[in-house]
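Trainee: Read off the chains here:
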Amino acid sequence: MLRKAPLAVSFAAAALFWTAANAQTELTVYTAFEAEDLKRYADTFNEDHPDITINWVRDSTGIVTAKLLAEKNNPQADVVWGLAATSLLLLKSEGMLEPYAPVGVELLDPKFVDNDDPPAWVGQDAWVASICFNTVEGEANGLTAPESWRDLLDPMYRGHVIMPNPNSSGTGFLDVSSWLQMFGEEEGWAFMDALHENIARYTHSGSKPCKLAAAGEIPIGVSFAFRGAKSKAAGAPLEIIVPSEGVGWDMEAGGIIAGTANLEAAQTLLDWAVTRKAMEMYNVGYAVIAMPGVAKPVEHFPEGLLDAMIDNDFEWAANNRAAILAEWQSRYDGKSEPKS
Amino acid sequence: MSESVAALPKGGRVRAKLDRDDVMMRLWMVVIALYLVVTLAFPLYAMLSKSVSTFRFDLTWFEFQVSDEEGHFNTAPILASALNADLDLYGETDLATGSDGRLPATTFFPEFSFRSPVMYRIRGTVDDATFLVGSTRHQGREWVELDSNTFRRVQLRPAASSGLDNFRTYFATPALSNSITNSLVIATVSTIVTIVLAFAFAYALNRSCARFKGFFRLVAMAPILVPSLLPGIALVYLFGNQGMLKGLLMGESIYGPIGIVIGAVFFTFPHAFLIISTALAISDARLYEAASALRASPWKTFWTVTIPGARYGLISAAFVVFNLVITDFGLPKVIGGQYNVLAVDIYKQVIGQQNFEMGAVVSVVLVIPALLAFAVDRFVQRRQVAQLTARSVPFQPKPDRARDRAWFACCAVIAVFILGILGVCQFAALVKFWPYDLSLSLNNYRFDLMDGGGWASYYNSIKMGLITAAIGTVIIFFGAFLVEKSNGFTTGRNIFQMFAMLPMAIPGMVLGLAYIFFFNDPANPLNVLYGTMAILVICTITHFYTVSHLTAVTALKQMDREFEAVSASLKQPAMKLFSRVTVPVCLPAILDISIYLFVNAMTTVSAVVFLYSPKTSLASIAVLNMDDAGDIAPAAAMGMMIFYTNAAARIIHLALSRGVMKRTQAWRFR
Amino acid sequence: MTVTLTPDVSLQISGLWKTFGDFVALKDISLEVMDGEFVCFLGPSGCGKTTLLRAIAGLDLQTRGTVIQDGRDVSALPPSQRDFGIVFQSYALFPNLTVHRNIAYGLENQGRTRSEIRARVAELLETMGLPDQSDKYPAQLSGGQQQRVALARAIATSPGLLLLDEPLSALDAKVRVRLRHEIKDLQRRLGVTTIMVTHDQEEALSMADRIVVMNHGVIEQIGSPTAVYRDPVSLFVAGFIGEMNQFDARVVDSGRVRVGQSEFCCRTHDHEAGAAVVAAIRPDEIVPLGTGYRPSPEDVNCEKVTLADMAFLGSFWRCLLHSEDFGREALMADFPTNAVRRLSLEAGQDIHVSLQESGLMAFARDV
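Quick note, the sequences are listed as chains A, B and C, same order. If you use our numbering, the first sequence corresponds to residues 3 to 342, in order. If you use our numbering, the second sequence corresponds to residues 18 to 687, in order. If you use our numbering, the third sequence corresponds to residues 108 to 474, in order.
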């Protein structure tokens, strides 16, 4: 690339010189943070570091991951901030992350930090599976609120449950991998076989089941707590249920893309991302954050979320992802007739 | 009758000397042909090669060494392939995998226990061999020594090669290959229903004196102004579990084939109607006079005169509809539920699983029926043209109250269906929180609070539409002009024509995916286009090239063949003729091309869904993503914004056309 | 190649071939057109006459052969580098430009000032008899007017060669006849070398200085209108130009043929005695001699016929004649109205006619 495009190099050099002269660094940050949070996050960061401009590139988890992988040989991003840890593990196994221990990383809950030293990525907040239950439609259909995952197998819920398809949704994969971890492989699949009988259909996105539950389209949506809280805040007659067996979770995490031209600024951003101030910033929307003892309860979030989070083995999930998805696809995809 | 060519004296043929205009025109033709090669042929080639780029575990690439319980490595290193042969674990086909494939190293050691004190070593035998320890990547021939507990975290990574493995996997996976049948079924059923309805509608408008024909014609064209997924959203509100008319489905779910078919009928209706209407309009009244003179019953006349007269139109419409349905992605995505179809599979493979190779395989599979439908349509169109040139007296329907009322009722039902779908979307967009709070509000228009890119995506769409219309019209019309009006160079012109026809046969999803493979390659100097508005414009122009090209060619063919000869004899440059005569005379066609490109740029989803970047998100994509995220009402709101924008564009286009007609086409009126 | 031309040759075509795949459209055409001459290419459709014209213009290049215009080899040149004006059957007037701007089209970019152009256009419109039409669009003109505008546009730049491709065939009969004279008159005044393609023999006869009769891609005959009419070299030319009675005959010896039982004096050309030929005579070369005519032995070409049918066509009567010698085929004869009145001819009469010796010709049987 360099040999091919001396012109591009000189342009890049000129650009570098220009930015240096202006003492203003631009960071291209790939993210799956909620769209509405982006401006607030950037503004808060700029309070402490006005010399670094964040250029957000935002999309849903799947698309950002696909984009990063597609750009593997020619990365466009400097930093990933706010992407599922599962995705960051994928990037790590492709050698795309620059290991770095942010200042103060030791204050975080270890399960929010990559095992390696220095870690390839650090987490910010958790994104926890939950069941969204529409109380109005539940009553209309004579359904009682489920309390556990296994409750969902009750025949009365037939056609009243909706969940994301793990093949197209990160949340869906999170659910499936957590059931396999909680129940063991054999029982996990048996559980899903039975659950499949009650599922109305599988959606492409993770937040859709909760929104459909909120709209009363399907009374029970397997989704995540954050989405449920949002819908509840919007006035939906929802109850957000944390199943008693425990819930799968993923986190929004960050890391530096190997080969970035702005390593220093990237490190500054990652350092800041684990500060208490940043944690309080995440806490506005997320009940569970990486730094213990900081979180304040978030309105509409269910109680006991933190305790219900299972000990998620991200590495196991990442290494078995392809096999799990293939198995899921052969069991439930394509051959199932839609139920109503 | 002719003398044999053998009598031709030997010697060189007369080779034409070219004047500057000829050279310029050929040069430009080559430039535009190159444009098509770069934006169509290269990406498709990139996609094809992706579909045969495979990943498999090459077990000769990895070598292990196992220690005794004290940690001494006494035994010789052994290749994974040797272990595999001993244990008879994996056959050739089992080792095929995806780019993300992982194979646990422990499978080669049946006696493995993570509590054992035995140590393991692993290394690659070639430089490219890659394996993971946990999530840390190792590559190369260095030995890595691990204890048992760590060794269980070792995963082998596959090597890239090429072959038909992906296709084998595809057809061996029923969850994937079932989609072929599903797609064919959906497309066939939708085609039959649409053709019957469109025929009835067109018949009523052409052959009866039913009232409000102009209004009905207008309504019939409305679905062209919205993205194909909008009817899906309306159907959720109509027949979903909280739907207004849920009872009508008698317990069947709208999420699935029923929903896809109803939605497909909606969005393909105008296309079928236009083609069939044209076919009916050109039929010869004298045949009807003859039939009535022979005292044929109306039923017999219908089957012996009407249907044969319109048969090419019907066949052509059928294949156009079939093609539209089988390649459509938005509608089954929204309303398809568990019913997998090819176009959605491509999306799921690429976006959901990042399995680009399998996405390319499904694309190749999808191209085949689309290509066939396209070929049949082209063949039939040619026949139809031949019939058209022999046409004579147009049919004038005579009033017949009972029959006209019946036809009116038929049209009214279809019009209510179309307007109903649009009305429901608009209603849904204005309701605060369906079905719990039916008060009206504009909350759903606060797109900036939703996924999908907010209002910016709407403005992006308009910008994209305008740029596409402007640049696309110039490229396409100029290209058609060159290919129609330049001298000699027959081979070159034929090749160009072929290239110009090709985009129609390529489904949008396939084109979009092909663009990722081609433009996202860092070795490609055009890589800079990736993620920009430019690539969206290029992709949209290419996607809709063929119809625009045919429009331009038709207009150019209607011009006197001899203008160029006259102009050359008067020693005037070809470009003077182009700007002074060709463009003004073809202005109505040029405006038609612009509006066609604009409307399609506003509504297209399939091609651009892989290509937009956060900064260049589009309204149609926003509809898709908002629906995907469960924000169905805002999706409907955005969909209706597209409708109103396109309707406004059409009105402006109409006014502009009239104005242009008056000013520059004064010669048309005596 | 060396170019040797007499000064007054405007266009020299030699060894011209045009093939489309296996089809030979023009076969070894050679032809010279003199300065100021009006030449018509005449032949049935598909004979290659338009192909030849387009080759001369450089619009469709010939496969082989040379075209030399005014001493310059233009064989391979594009139209823009040749020197000609052209009028097509469709006129090819630019529909969105006014009459004025159509005519001015070729005058622009030639170093003329605007007022010069305006003056030239006005002059041309005057010449063409269209002085008030300059601001109209072509669609607002009649066919004949459009024709004249197209002509004006073609000659505006004073080209050395004017090419007319079936210029009159889109017009109705009366306008066509009037325009024939106008075009011929204009051509004579301007002295411009002109080639006109037509399939209408009357047009060719009345306008051309020389006619090039073509068939199946070859030139059958080149000659003045009277020459091709009076002395056709082949049965094709004889049949294509004017009406012609044809009947089987056998050459008795030079200058005599036998038809049926009778012998006639005839221009046998160089057919040998005993050869089977087709004898041909034009209807106006059959002269009525009346009912009571008694032929003398000197009346070599006198034939007794039955006047089967008569049709009045104004200046003459078209009559169908039957005779034993000519078998089933009726002879067609045009009798002047005067003669019919003088001889009181009526259908059903048996009369004598004379087949004029100079008009009776023998041709080879099959082409």
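Treat the hints as calculated values from the structure; they're not laboratory data. Check before you lean on any hint, since a few could be wrong.
As the list claims (entries may be wrong) - Covered stretches of chain B, as calculated for chain A (at least 3 residues, CB under 8 Å):
no., stretch
1, 110-123
2, 179-193
3, 361-373
4, 425-437
5, 516-528
6, 569-582
7, 640-646
A virtual CB, placed ideally from N, CA and C, is assigned to each residue, including glycine.
Trainee: Now look at each hint and say whether the structure bears it out.
Mentor: Hints, one by one, checked against the model:
no., hint, result
1, 110-123, "holds (count 6)"
2, 179-193, "holds (count 4)"
3, 361-373, "holds (count 8)"
4, 425-437, "violated (count 0)"
5, 516-528, "violated (count 0)"
6, 569-582, "violated (count 0)"
7, 640-646, "holds (count 3)"
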